[in-house]
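Student: First to last, the protein sequences are chains A and B.
Its first residue numbered 0, the first sequence is counted upward by one per residue in numbering that gives the first Met the number 0.
Its first residue numbered 0, the second sequence is counted upward by one per residue in numbering that gives the first Met the number 0.
What the hints contain is simulated information worked out from the structure, not anything from laboratory work.
Wrong hints could be hidden among the right ones.
What the hints assert, rightly or not - List of simulated lysine to any residue pairs, SDA-like, C-alpha gap at most 20 Å:
(1) K55(B) / T95(A)
(2) K361(B) / R320(B)
(3) K55(A) / Y36(B)
(4) K198(B) / N229(B)
(5) K23(A) / P115(B)
(6) K390(A) / E374(A)
(7) K90(B) / K161(A)
(8) K23(A) / E183(A)
(9) K90(B) / E72(A)
(10) K327(B) / S366(B)
(11) K28(A) / V98(B)
(12) K90(B) / P115(A)
(13) K79(B) / T95(A)
(14) K50(A) / P35(B)
(15) K93(A) / D97(B)
(16) K364(B) / D403(B)
(17) K23(A) / K93(B)
(18) K309(B) / D94(A)
(19) K28(B) / E374(A)
(20) K93(A) / N229(B)
(21) K161(A) / P115(A)
(22) K93(B) / L96(A)
Said to hold, decoys possible - Simulated restraints on C-beta separations:
(23) K28(B) / K178(A): 39 to 45 Å
(24) G92(A) / R451(B): 36 to 42 Å
(25) D175(A) / R68(B): 56 to 62 Å
(26) Y326(B) / T303(A): 49 to 55 Å
(27) D270(B) / K246(A): 58 to 64 Å
(28) R232(B) / K390(A): 55 to 61 Å
(29) K93(A) / Y322(B): 52 to 58 Å
(30) M0(A) / T461(B): 51 to 57 Å
(31) K362(B) / D372(A): 45 to 51 Å
(32) E299(B) / N310(A): 45 to 51 Å
(33) R68(B) / F75(A): 30 to 36 Å
(34) K441(B) / E299(A): 43 to 49 Å
(35) E82(B) / K28(A): 22 to 28 Å
Unchecked claim - Non-contacting residues of chain A with respect to chain B, defined by C-beta distances greater than 12 Å in every case (computed):
(36) R24
(37) R149
(38) E150
(39) E228
(40) M351
Beta carbons: idealized from backbone N, C-alpha and C, even for Gly.
The chain contents come next:
2 protein chains.
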Amino acid sequence: MENKKENFSEWYNEIIELAGLTDKRYEIKGMNIWMPYGLKIMHLIDDIIRKYSDEKKFQEVSFPVLISRKQLEVEFEHVKGFENEIYWVTKGGKDTLDVDLALRPTSESAMYTMFPLWIRSHTDLPFKIYQIVSVYRYETKHTRAFIRVREIHFYEAHTAHKDYNDAEKQMNEYLDIWKKIASELCLEYSLDVRPEWDKFPGAKYSIAFDTPMPGYRSLQVGTIHEYGENFARNYNIKYLDENGDLKYVSQTTFGLSERLLAAVIGIHGDDKGLILPYRIAPVQIIIVPIPGEIYDKILEYSRTIMDDLKNMGYRVDIDERDYTPGYKYNDWEMKGVPLRIEIGSREYNENMITLSLRTQKKKIKISRQNLRDVENYLKTVNDDIKSHSLKFFNDNIHMAKSIDDMKNEYMVRAYWCGSKECSDKIEALTEKAALGNIYNDKTSGKCIVCGRDGKLSMFSRTY
Amino acid sequence: MENKKENFSEWYNEIIELAGLTDKRYEIKGMNIWMPYGLKIMHLIDDIIRKYSDEKKFQEVSFPVLISRKQLEVEFEHVKGFENEIYWVTKGGKDTLDVDLALRPTSESAMYTMFPLWIRSHTDLPFKIYQIVSVYRYETKHTRAFIRVREIHFYEAHTAHKDYNDAEKQMNEYLDIWKKIASELCLEYSLDVRPEWDKFPGAKYSIAFDTPMPGYRSLQVGTIHEYGENFARNYNIKYLDENGDLKYVSQTTFGLSERLLAAVIGIHGDDKGLILPYRIAPVQIIIVPIPGEIYDKILEYSRTIMDDLKNMGYRVDIDERDYTPGYKYNDWEMKGVPLRIEIGSREYNENMITLSLRTQKKKIKISRQNLRDVENYLKTVNDDIKSHSLKFFNDNIHMAKSIDDMKNEYMVRAYWCGSKECSDKIEALTEKAALGNIYNDKTSGKCIVCGRDGKLSMFSRTY
């Protein structure tokens, strides 16, 4: 396998193929096939997102993929932000359609034409829905699996509130949800308030979740947006308040994508392959029976262990293929399985199992009656992944004292006045764009370029 | 509510709206919004389909939604079958695309361009995959929720085999899987071998699962297709057999759609609303606390019962809304919840619960220590649904002795020689098309039209 640190791009492409995550050889470039193992991981990520959304009383819906040009053009600034990236359906059968239909690049315009039918009174608020669907972007840039694709696996939550204050509370709730999702995926991130020129088209402001990715770039894995009344005024979304007055709702959105998987692959993986947090591992525990004289009994014992673990609710499999144990170890390590159980004649005779953690070298023997301890070891693997990703974050994100400092950095913090002019200067000299002000940072300092008052900000080359 | 028997179409439209299954007011006609309750039911149906597919070692994948014209046109007969129904993407941003891209009407051409890359040797066979995605049809006919829509929630399984014989075994395995799915959905069906002119474009033969729907039409809820080497020869899908010879694979497919939900709604429902088999009920048990003097204690007791049932693995909810019990009963009956638990002061005092089954009028009291019995009652509801649907099937599907007999029937059986001529005659006189020969029927008789030798066949008006 490629060395991850030295050749990240090659390593990334290789592991994606070896682990069977996606196949990029489809006829249409940038539209990739979700292969079984990759799709399973993505579905497990979806399950986590659903769980925390449902907990906060979001309702799941699913909107049509097509949006008419008429719907899209209601909010001019919004459609302008996407106009170069939209796939247009113009024909049905042999007919030319009366109105062009867009493959959704995002669903504001699809949903908000319906909101006036659903939201009538203050008792309908807050209104909170989400969907997990594909969105489409006619990318002209170089595509990269899970990072920049033309068909994107996407989560989008949309809310409507009685006023801006209530919408702001929603923004905080999003941050809570995101914190939990990031924790299950063992991801460290920076919360960056995007500059005016880089916020979502139509938003009052946008906060992005940026992770450092090996390969010396940052990856935006998610965003939340405060829309205020901007869309409501264009799509005419009003409600009757307690006093019988008609008011515009305030709105927010929260978006996540398959980039979460890209981050998991890129940040946690090592030269052996993937390392998966146990919540999203399609196989959490793999059992490898070791051939020997009493292989029949070893196999029978292994299967009993598997059944016990299945009954405890784990995703567990047994590798009975006709390969050497060494081959199997490598194969499952490459696939990122957090825990391996080895069972040979000694384990059989002593009624125990040998555990190997994906993140550690040592092996651990536990007696069968302590089988429930696997839970702690799965958590240990997660803790290891978290420490590793925190260390990676801290090792690589420094505070720059001068523009020169920023040149050889990865993602880098600096005080910045917020002007496009200073940001452009930084980008020209260091190839790093302003990701924005660090969310909720209370410090202040002099802009690294112009010396005016500045806020603590993050800069990086982006994917 | 509308009377189901007398005004089926109105009843169907009304219950879909009342229960919150779909919203048809979206800008693009025939593309509907999956509302939360409808989407949950559909996802539970998907879970059943996944379970039985996975059991038979199918692997889930997900292909891009777009298929280039080049890919589609590899199999001429296939694309011809769809050419009037395809949505074409012709523009990306402001560019006109070099080649038109189809929104998948089905995925043969997307998948089979990849099969030669994945299938090389006999050890790769049988090759079995499926996906659950949306497919698109530019329908010119009148659309109807879940029955005829332009964006269709779709399950498609695709297999490749070493020879025709092995593919035929796959066809039998499909029938096994389908039998299990139909049983969980409590559906009765006819297995009809479609006539030549009505088989899937590109198939050697097609078997359809047809259910009688109230409204005097039959509904095709699923199909399986034997392709033989037809697609393999066009898409050049070959493998090296044990002797080192290159051979074409034989292929099959299995398709199911959101019509399964249409059948569940239409066949099982009654004048009170939906009736859901418990496997696909988003709420399997609803608890209604009855107001009274000791309401605090009743509520506390009700919540304990809910927690107990949740721990047993049931999807259970408690209705604490500020409505009368009668209103709540009607509401949850309309939503098709199989079991209701009523808890008032008597239940609290005597440490018991009162059960009401969606399919029966009587109420049943059980002591709290027998709470596990709810499983039997859920099964009783399913048995009631099954009896009802079997009775509906048998009451309505008769054997015709003459063409005149067929006129006032629903779906109707008759012997038929298999000729298009006789089928056309039947259709002209009775408005019923040939669904095909009854699968595996061993009897024979004289064609009801021409008197020649015929096979037992099914006829119906179709949706």
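Student: Next, verify each hint and record whether it holds.
Tutor: We went through each hint and held it up to the structure:
no. : hint                          : verdict
1   : K55(B) / T95(A)               : violated, 44 Å
2   : K361(B) / R320(B)             : violated, 25 Å
3   : K55(A) / Y36(B)               : holds, 17 Å
4   : K198(B) / N229(B)             : holds, 14 Å
5   : K23(A) / P115(B)              : holds, 15 Å
6   : K390(A) / E374(A)             : violated, 24 Å
7   : K90(B) / K161(A)              : violated, 39 Å
8   : K23(A) / E183(A)              : violated, 28 Å
9   : K90(B) / E72(A)               : holds, 17 Å
10  : K327(B) / S366(B)             : violated, 23 Å
11  : K28(A) / V98(B)               : holds, 13 Å
12  : K90(B) / P115(A)              : violated, 31 Å
13  : K79(B) / T95(A)               : holds, 18 Å
14  : K50(A) / P35(B)               : holds, 15 Å
15  : K93(A) / D97(B)               : holds, 18 Å
16  : K364(B) / D403(B)             : violated, 52 Å
17  : K23(A) / K93(B)               : violated, 25 Å
18  : K309(B) / D94(A)              : violated, 53 Å
19  : K28(B) / E374(A)              : violated, 51 Å
20  : K93(A) / N229(B)              : violated, 26 Å
21  : K161(A) / P115(A)             : holds, 14 Å
22  : K93(B) / L96(A)               : holds, 17 Å
23  : K28(B) / K178(A): 39 to 45 Å  : holds, 42 Å
24  : G92(A) / R451(B): 36 to 42 Å  : holds, 38 Å
25  : D175(A) / R68(B): 56 to 62 Å  : violated, 47 Å
26  : Y326(B) / T303(A): 49 to 55 Å : holds, 53 Å
27  : D270(B) / K246(A): 58 to 64 Å : violated, 40 Å
28  : R232(B) / K390(A): 55 to 61 Å : holds, 56 Å
29  : K93(A) / Y322(B): 52 to 58 Å  : holds, 53 Å
30  : M0(A) / T461(B): 51 to 57 Å   : holds, 56 Å
31  : K362(B) / D372(A): 45 to 51 Å : holds, 48 Å
32  : E299(B) / N310(A): 45 to 51 Å : violated, 33 Å
33  : R68(B) / F75(A): 30 to 36 Å   : holds, 33 Å
34  : K441(B) / E299(A): 43 to 49 Å : holds, 45 Å
35  : E82(B) / K28(A): 22 to 28 Å   : holds, 25 Å
36  : R24                           : violated, 6 Å
37  : R149                          : violated, 8 Å
38  : E150                          : violated, 5 Å
39  : E228                          : holds, 22 Å
40  : M351                          : holds, 32 Å
In this structure, the hints that do not hold are numbers 1, 2, 6, 7, 8, 10, 12, 16, 17, 18, 19, 20, 25, 27, 32, 36, 37 and 38, in rising order.
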